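Based on these hints, arrange chains B and C on the given structure of chain A.
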Amino acid sequence: MVRQIYLIATGIVFTISIWMIFLWAPTEINQGQVQRILYLHVPFAWASMVAIIAIAFTSFLFLLTKNDRWDNLSQSLAEVGLVSAVVMLFSGIVWAKPVWGVWWTGEAKLTTALVLFFIYCAYLLFRNYFPPGNARNRIAAIIALIGAIDSPIIYYAAQIWEQNHPKAVVGPLASEESSLNGEMVITLLFCVLTVTLLFVGLVWTQYQTNKLLRSKNA
Amino acid sequence: MLNWLKVLSILIKKDIKIEFQTKETLITLCLFGLLIITVFSLSTENNSLINQNFGAGILWSSVIFAGSIAMVKFFYHEEQNKTLQSLLVMPVPSELILFSKSIVFFLFLSISEIIIFLISSVLFNLNIFSLKLILGCIVFNVGYSVVGSFFGVISSKSSSKEILLTMLLIPIITPILMFIIATTNDVIRSELNSNFQTWLGVGISFDIIFLTLMSYLFGKIIDD
Amino acid sequence: MKVNAKKVLSLNNISKSYQNNLVINNFSIDFNYGNSVGMIGKNGSGKSTILKISCGLLKPDSGNVLLMGKSFDSTEDGLLIKSRMGVVLHEEMLYPQLTVFENLNFYSKILGIKNVNTKIEELSTLLKLSDYLKISVSKLSNGNKKRVSFAKSLLNDPDILFADEPESNLDDKGKEIVSKIFNDRRKRGLTNFFSTHSKIFLEKCSNQLINLKDFENA
Chain A
1 MVRQIYLIAT GIVFTISIWM IFLWAPTEIN QGQVQRILYL HVPFAWASMV AIIAIAFTSF
61 LFLLTKNDRW DNLSQSLAEV GLVSAVVMLF SGIVWAKPVW GVWWTGEAKL TTALVLFFIY
121 CAYLLFRNYF PPGNARNRIA AIIALIGAID SPIIYYAAQI WEQNHPKAVV GPLASEESSL
181 NGEMVITLLF CVLTVTLLFV GLVWTQYQTN KLLRSKNA
Chain B
1 MLNWLKVLSI LIKKDIKIEF QTKETLITLC LFGLLIITVF SLSTENNSLI NQNFGAGILW
61 SSVIFAGSIA MVKFFYHEEQ NKTLQSLLVM PVPSELILFS KSIVFFLFLS ISEIIIFLIS
121 SVLFNLNIFS LKLILGCIVF NVGYSVVGSF FGVISSKSSS KEILLTMLLI PIITPILMFI
181 IATTNDVIRS ELNSNFQTWL GVGISFDIIF LTLMSYLFGK IIDD
Chain C
1 MKVNAKKVLS LNNISKSYQN NLVINNFSID FNYGNSVGMI GKNGSGKSTI LKISCGLLKP
61 DSGNVLLMGK SFDSTEDGLL IKSRMGVVLH EEMLYPQLTV FENLNFYSKI LGIKNVNTKI
121 EELSTLLKLS DYLKISVSKL SNGNKKRVSF AKSLLNDPDI LFADEPESNL DDKGKEIVSK
181 IFNDRRKRGL TNFFSTHSKI FLEKCSNQLI NLKDFENA
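Chains A, B and C, in that order, give the protein sequences.
Read in order, the letters of the first sequence correspond to residues 1 to 218 in my numbering.
Read in order, the letters of the second sequence correspond to residues 1 to 224 in my numbering.
Read in order, the letters of the third sequence correspond to residues 1 to 218 in my numbering.
The shape of chain A in the complex, shown without the other chains:
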């Protein structure tokens, strides 16, 4: 019941944020309408990055306590985190082409985001292909921790890579910085809140689904 109320409330907040994105927030001077994609891209990027840290934390708790609830939570976070990463990457690519003139650059953040997407995929593929049981849950937790430890190293390496490979952006707005005024900032922050609520709701729902599936298979 609580979850249903939460999801309905999230739906309402999401509707408000759609109104804010398309009707309330003014059009950005340099990027035009395409800038509105960022109101979803940035929150989903935030969600997918936070999810990696959360998965590492819940995996650590699982290794410590051996309580299956933490393992279930790790799995649920990864499943929703993967969806967030896909939305982030797709929205980023769609935004980049008209603004930068290219679909993709060698920017550190993009490279790290793409690698993190693959780490999510690897974690979930492992859970799928490895025989079920305590060994699988334990090793999955270890993989999550390894991924989390590697993430800052990947970002640092990507930054050094970026220094050697200047951005090859050639679009008409490549050299223009985007400027956010008050209403845009409010919209962006509201969208971050919306996506966070959506993310938590989806993880909660996925957790319950996984719980049912696990008890059915037991």
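I should point out that these hints are in silico values taken from the structure, not numbers from a laboratory.
Any given hint might turn out to be false.
Claimed, not checked - Below 35 angstroms or equal to it, Euclidean Cα-Cα: the simulated DSBU-like pairs (lysine-lysine) are:
(1) C/K114 / A/K211
(2) B/K6 / C/K134
(3) C/K59 / A/K211
(4) B/K6 / C/K42
(5) C/K213 / C/K109
The model shown is predicted, which means the values in this text are computed figures rather than measured ones.
Quick look at chains B and C alone, frame taken from chain A:
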């Protein structure tokens, strides 16, 4: 109780002996790597500009993917014959099993890289022989072998070994992959100003962090 | 050599699940040195699992295992107890690419056996393997592989020998040899812990019986 170095050398000699009898890992590494290089050489049409710009990526794509396939074969027999389990009931610290596998794979990988680089330098007209690259290869091979052996043991127990190992390995080794590609690019293009020292720092740090982390975690992944 | 402990093996409240199926539930047993303990039970009752937990190959989900008063871990004591046990399971755990001699030589060196050649000769005579020493293990019959596995487990004259259906795959001669080995070991104050389906083998080789039918869910 034998000392660790002695046990390590016994484990390494055993693996080398088996490999010289079967030659599976070396053949997979060399032939598969050369096959990928050949496919790429067709696509570049011997264009020297393309070779200069993409040579590093082509070389290391072939090494990475040939290495993954060879790694799967390397651990497949251990899992099939349960010989890894036989070492678990022996007085052998589990980290030594990881070290011995990593060292042996490092040797085979290094040998195959020499062959692949030789052939590539002919096919793509590249000058890739330098001390900088040799040092870079050593650092890369250490990281690749340790991380690969760790995930090799994990993936050997699953139904889709090849895809699982590749999917686990490549994202994790991204930092040293960037390092070795950047270093190879510097050598191919004869770059005088490069970030080699910074990259070397990244590579060595990665090796130290993951060698420590994986030797600590190895005992937990081989337990059933 | 005996490590200072009254009981050679203690399993305390062991539970183990495989792929969400409970195989062993709160199983406890202990026995003294110098016994030949036979374990019987129907298929799927957990005999192999109990043996594998006892020799440290499997970790129980709960409970603890003490072999010669020590637990299996990576400390020096944990490794010491491994040097004093021998294991023969269904899987031969031999390197098929190597010859019989090379396999036994390898394991002898790991165990730190002095006079390796003498020891291998002694065991190959006992187990009628002298004609097979230079033959690759992959070319042997299942029965001969079992004999090699036995030879491997006896290299260090272990204080405790774990064997899972030791008479399986062996012909009558082989079964006789194994029975003799078990009885000789018991006379010398060494311990055997084995599982079997054969009542004849049980009567011949054990002085203590564990019937898993008597243990709930075991």
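Structure-based check of each hint:
Our distance criterion of 35 angstroms between C-alpha atoms is broken by C/K114 and A/K211, whose separation comes to about 56 angstroms. This hinted pair checks out: B/K6 and C/K134 have alpha carbons roughly 25 angstroms apart, not beyond 35 angstroms. For the hint linking C/K59 to A/K211, the alpha-carbon distance of about 25 angstroms falls within 35 angstroms, and the restraint holds. Under the criterion of a C-alpha separation no larger than 35 angstroms, the hint pairing B/K6 with C/K42 is inconsistent with the structure, at around 44 angstroms.
As the CA atoms of C/K213 and C/K109 are separated by approximately 41 angstroms, the hinted pair breaks the 35 angstroms bound.
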